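There are 4 protein chains.
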Amino acid sequence: MIKVGIIGGAGYTGGELVRLLLNHPSVEIIFVQSRSQAGEKLHTVHPDLLGEIELTFSADLNFQIDVLFLCMGHGASSEFISQHSIPAHVKVIDLSQDFRLDNDKVYGLPELNKESIQSANYVANPGCFATAIQLALLPLAHNGALKEVHISGITGSTGAGFQPSQTTHFSWRDSNVSTYKAFNHQHMAEVTKSLMQYQPWFDQPLNFIPYRGNFTRGILVTAYQYCEWPLAEAIRVYKEYYQDHPFVSVSERPLDVKQVVNTNKCFVNLTMHNGYLMIQSVIDNLLKGASGQAVQNMNLMFGLEETTGLKLKGGAF
Amino acid sequence: MIKVGIIGGAGYTGGELVRLLLNHPSVEIIFVQSRSQAGEKLHTVHPDLLGEIELTFSADLNFQIDVLFLCMGHGASSEFISQHSIPAHVKVIDLSQDFRLDNDKVYGLPELNKESIQSANYVANPGCFATAIQLALLPLAHNGALKEVHISGITGSTGAGFQPSQTTHFSWRDSNVSTYKAFNHQHMAEVTKSLMQYQPWFDQPLNFIPYRGNFTRGILVTAYQYCEWPLAEAIRVYKEYYQDHPFVSVSERPLDVKQVVNTNKCFVNLTMHNGYLMIQSVIDNLLKGASGQAVQNMNLMFGLEETTGLKLKGGAF
Amino acid sequence: MIKVGIIGGAGYTGGELVRLLLNHPSVEIIFVQSRSQAGEKLHTVHPDLLGEIELTFSADLNFQIDVLFLCMGHGASSEFISQHSIPAHVKVIDLSQDFRLDNDKVYGLPELNKESIQSANYVANPGCFATAIQLALLPLAHNGALKEVHISGITGSTGAGFQPSQTTHFSWRDSNVSTYKAFNHQHMAEVTKSLMQYQPWFDQPLNFIPYRGNFTRGILVTAYQYCEWPLAEAIRVYKEYYQDHPFVSVSERPLDVKQVVNTNKCFVNLTMHNGYLMIQSVIDNLLKGASGQAVQNMNLMFGLEETTGLKLKGGAF
Amino acid sequence: MIKVGIIGGAGYTGGELVRLLLNHPSVEIIFVQSRSQAGEKLHTVHPDLLGEIELTFSADLNFQIDVLFLCMGHGASSEFISQHSIPAHVKVIDLSQDFRLDNDKVYGLPELNKESIQSANYVANPGCFATAIQLALLPLAHNGALKEVHISGITGSTGAGFQPSQTTHFSWRDSNVSTYKAFNHQHMAEVTKSLMQYQPWFDQPLNFIPYRGNFTRGILVTAYQYCEWPLAEAIRVYKEYYQDHPFVSVSERPLDVKQVVNTNKCFVNLTMHNGYLMIQSVIDNLLKGASGQAVQNMNLMFGLEETTGLKLKGGAF
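Protein chains in written order, with UniProt numbering: chain A, 1 to 317; chain B, 1 to 317; chain C, 1 to 317; chain D, 1 to 317.
The hints are simulated quantities; they were obtained by calculation from the structure and are not laboratory data. There could be a bad hint or two in this list.
As the list claims (entries may be wrong) - Below 25 Å or equal to it, Euclidean Cα-Cα: the simulated PhoX-like pairs (lysine-lysine) are:
(1) A:K41 <-> C:K311
(2) C:K181 <-> A:K311
(3) B:K147 <-> C:K181
(4) D:K181 <-> A:K147
(5) B:K311 <-> D:K239
(6) B:K41 <-> D:K181
Just so you know, these numbers come straight off a predicted model, no measurement behind them.
Isolated chain A, as found in the complex (with noise of 0.2 Å):
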C-alpha cells in the first residue's frame, strides 16, 4: 500500500483527491491536513465523505509516508517547500502552479511525459485549462505544425476555488457568463513551455480568451489555427498520438463538457473549415485538470496501472 499525506485538504482539489485516494486499491491515507479545519472530522468539510471515513484534519504533516499532495494555494507551496526539508523517500505531487515552469521538477501531464514521470520525485500537476489546452495541441507541435492558434475555452466554477468572490456569488453567476484574463491568462506560459519541448522553434501567439461558465465542473476548449493537413490525416495523427494514453480519446462526434463530468477522461475532436483545423477538447477540471491527474502521475510514480482507482461513473447529466 501507498502511504499518502495531503496537505491543504480542506478545499476543492483536496477533498475530490480524498474522495479519489478513499476508492484507490491501493492506497492508505496516512493524514489530512488543514490549517483552517484542524481537528474536525473530513466529513464535516466534506459532507459528501460522510460513512466513508471518519478521519480528522490534523494540524502537523509527518514523513512516514511515501507521497505526499500539496493542495494548497497558488504560492503556499513553494512557502511550503522552503520551509520543510522533505525526506528522500518521500515523492511530492503539488497541484499547485509554483513549479510548473522548474526545470528541476517534472511537469506531470503524462500524455507528454509518461518516461519521465514515472521516475520523478517532485511532479508539478498541470493546470486544468493549461491540461485541457495542451491536449488539444500537443499532437501539432509534435509534428512541428503549430501555428498561430485562436483559442476560446469556458470553465466551471470550481476552478475559482472555494473561497468567495464576486464572480462565484451565485446571484451573480447563475444563468450569466464572462471572460477574464483575455489574453492573459496565467496558464499560458506552462502551455507554451510543453509545446516548445517538441516544437523547440515555436515563436506565434496562443491568442486565449477564458470564460466563465455558469456550471461547476468541466471545460470545454476550442482551438483552430492554418493546418495544411486534410482532416483525415489530422485525425490520423492525434489517434496515433494517444494511442498509448488511456485517458485520452479523439471523438467522431460533437463534445460537450458533461460527457466527461466526474471522469478522469479528455476527449478530443478534430474537424476542417476553410483551411483552419479547429480542435476541441474537454476535461472535469477538477480531476483530468487537477486531483485526477495528481492521482494518475502518483500511479506512474509507483508502478501501477495508469487507470488504477480512476474508472469512474461519469455524471453524464
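Fit chains B, C and D to the known structure of chain A by using the hints.
Okay, now just chains B, C and D, sitting in the frame of chain A:
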C-alpha cells in the same frame, strides 16, 4: 414629481428600487446614499444601469424630499431612525423587518391594509416569503376559515442579499437544493400578525418549510389546510377578495415561478385534495416581495394609481 | 462472472446501469437491447462511454445470461413479461413500476426486504421518490410510530426521462420551479404498502407535494409528523434501524442534494420542532433511486457484498 | 394609436412582442394569429400574461391595421408573403431570416440603417447573433479598418425556439456547454453584407465559433482583430459612432450577459492585447436580438421616439 431619497442603495433591493423609479413617470430621484460606495457612480455598482443614470452614490442624505426609502439590512433601520430626526413632511418606506410588528407603523401589504397605507407616514414593507404566504392565506383568514396550515416554499438566492456566504457560493448552490430555518422562519411573526388581524382567535400552527432554490429570483409557496368549502366556493372567495387588487390574479393553471419573475404580480392557484384545500402563490421576491411592493406603497401614499411605474415586462424565460 | 442482459438500454436508467456495470468486478455485460438504437454503438447514444466499451445495441435478447435488467418505460415491462417465457435460471430485476405492488414479486428495497431479495427470482426495483420517502419513514413504521405525515420533496429532471416534454424544455425549466401530482403521486401506493408491511394498522394520509427542481440529479425529501419521542430517541431508533445498511447514514448536519449526487448513498437527518419530528432524506434519483439500487439488488441476489461496484466517487459540486 | 397585427404569436418572439406592445403607449393590438393555438387565450399559452390581456389567438388575420409583425419560423415568412397580398397601407416587420439579404427590403438594424428604416414599408429584422456581432464590428467597418476577425459567442437557449430538441432538453443542457455550426453560422451572411455596406472591399474571413450556453436569455460576443489604432482612439471611434443611438453604450467595465438581460440595450467594451483590438458586446437575444429591435424599428417607421415602450427594467440577476 415625488422627490425620492434612498438609503442603502448599493444592495439588491436598493438597486432594484432604482431600476423601478428610473422608469416611474412621477418620481425624481434626489439622492441615493451608500456608505460603502459613496462617490461611485450608480452604474459602477449596478452595471446594468449604464446609459440610464449618471448619478453618484452620496455619503449623506438630505430631507428636501417627499419620501425616503430605507433599503438597509435588518437592524440598520431602527438604528437609523434612532439617530435621525425625520421631518414630518417626509414619508418613510422601510424595507427592513425592524418595524413590521410595530403597531405605530403601517404594515405595507396593500392587499391587507390599502386604506391605512394611503394615509401612512411610515410604512414597514413586508418580507418576501411573508408576502407570498399572506397572499395565499389572507382570504381564508378574512372568512374566519383558517386552520392549521402546512406550508412549503422555495426562494431564489437574491433573498439572501449580496454578502457572500457558504450557501450563496455558486459552486455550492448550483444544481443544489436544501432547507433552512424549518418551522422557525423569521417572517412567520408578521404573517401570523396579519392573519390574526382578520381572524383574531387563530391559535393554530403555521408549519413552514423554506427551501433554498438554485435560481436567483422568485418564490413559490404551497400551503394546505382542511377546508369545508367545495373548491368552487374557495375560488369564488379568493376572486372576490382580490377583485380590487390589480397585482393579484387567481390562476386556473398550474403555477411556476417564471410566470411572475421580473413583475410585481402575484398569481394564486387553488385545488382540492382529500379534504385539503391547497393554495399556491408565486411572486418575484425582489419586486412584489420587496422593492416593487415598496413602489406600490409609495403610489398609494401619494394618491397615484396603484400600478404606476409597475407595469413591467416579465422575464418569462 | 455474472452474465447480464439489459432490455431498454438507450434510456437514462439503462445508460446509468451500463456505467455502473462496466466497473463492476463480477459482471460481464452480454447484451444491451434497444429497439430504437439497435445496431448503434452504445457510445453513440451515451457519448460519455467512448473509450470504455465498443458494444453495439442489439435488437434481440438471448437467455444465455444470469440476470436480466428491464429498463423500459412503465407498462412495457408487463408487456415484455407477457410476451416472453423467461427461463428459470434467469433472474429479473425490473426497474419499472409495473410489478411493485405485485405480491408474487419481491419489492427491491434492501433496507426493507434484504432477506427476501437474496432469494428472489424477480425483483421489482422501487421508484425514486418512493425510495427517498421510505428511507425517511421506515424506522417510524418499524416501531409502530407512524402517524399522518406531511411530505414535500424536490426531484431532478432526469426522473422525467429522455423523452422531451414541456416541463423538461430547458427554456422553461431553467431557473424555474413548480409542483406536479400534489397529493396524487404514483409512488405513494408502493410507499404505503411498504410502511404497512411494518405497521399494518396504518390508515392515515401521507400528504405529498412533489416539486420539479431545476437540476438534473437528486431528490430531497422533507417529512414531518407528530412524535412523542424526544429527538435523541428518534436518532437512536434510526441509527439502530440502519446499522446494517451500508448505504444509509444518519447525518447530524443539514442535508443538501449534492452530498449524495452520483453515489448510491442515502443520508437521513432528524430534527424536532414544536412536537413535530422532521425527517429529511437525500438520494441520487438515478442511483439509489433506480440503477444503483438495481445493482445493489443484484449483489444481494447473487451473494455478493452489497456494496460491490457501488463505491462511487460523489460529484460533490 | 398604431394598429398592430401579429402572425405567429404563440412562439417565443411572438410572446415577447406581445409583452412589449402591451406596455407601449402608442399601440393597439388588433389581433394575434396562431395556427396551432387559434381559439386559446393568449394567457393560456403565455401564462405570465394572465391579468394583462384577455385576447384570444385568432386563426385569421385582417388588414385593418397599420403594421404587421411576422413572428414565424424561417421559411414561413416568404411562404406567407407569396400567399397574401398585403395592402400598401400596411407596413411589415419580419422577424424571420427570409428577406434579410433581399435588397428590396430594408435590413432593420437601426444602428446601421436608421434613415432607410424610417421610410421603409418592409423591414427584415436582424438575427440575434447577427445583431451582437454587427454592433461589435460596425464602427471598424465604418472607418474601413475591418480585417480578419476571430469571434466567439455564447447564446441562451431561447434562441433555439420552443420546439423541443436534444440540445434544448433540460437534462442535457443544464450545466453543459457545447458549440454548433462553427465557421458556418447562418447569420454570417447578413453580418458580412452589413459590414460591406461600409467597407465594400472587405474580403477577409469572419471566423465565428458559436457556443450554446446553459442559460435562457442573452448573448455575449467576443471579437478581435489586428488594429493599428491605440485603444483610446478605438474607444473614441466607437463612442462617436454610437452617440446618437440610445440603446448602445460603450462600457468601460467588464461585460457580462446579465447586465442587459430583459432590456433592449447593447453594451460594448473595448480592450487591446498584443496588437489585437478585442471588442465584446452583450444583448438580450429576444429583445435587442429580436422582438425589442422589432419594436424599435416600428417606432422609427411611425415617427415615434426610438425608445418608446422600450425603457425596460432589466433583470439584473
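Consistency of the hints with the structure:
1. For the hint pairing K41 of chain A with K311 of chain C, the CA-to-CA distance comes to about 20 Å; that is within 25 Å, so the pair holds.
2. The straight-line distance between the Cα atoms of K181 of chain C and K311 of chain A is roughly 39 Å, outside the 25 Å bound, and the hint therefore fails.
3. Using a Cα cut-off of 25 Å, the hinted pair K147 of chain B and K181 of chain C holds, with the two alpha carbons roughly 23 Å apart.
4. Distance hint between K181 of chain D and K147 of chain A is fulfilled; the C-alpha atoms sit about 23 Å from each other, no more than 25 Å.
5. Distance check on the hinted pair: K311 of chain B and K239 of chain D sit about 32 Å apart at the alpha-carbon level, beyond 25 Å; violated.
6. Annotation: proposed proximity of K41 of chain B to K181 of chain D is violated, straight-line Cα distance about 41 Å (limit 25 Å).
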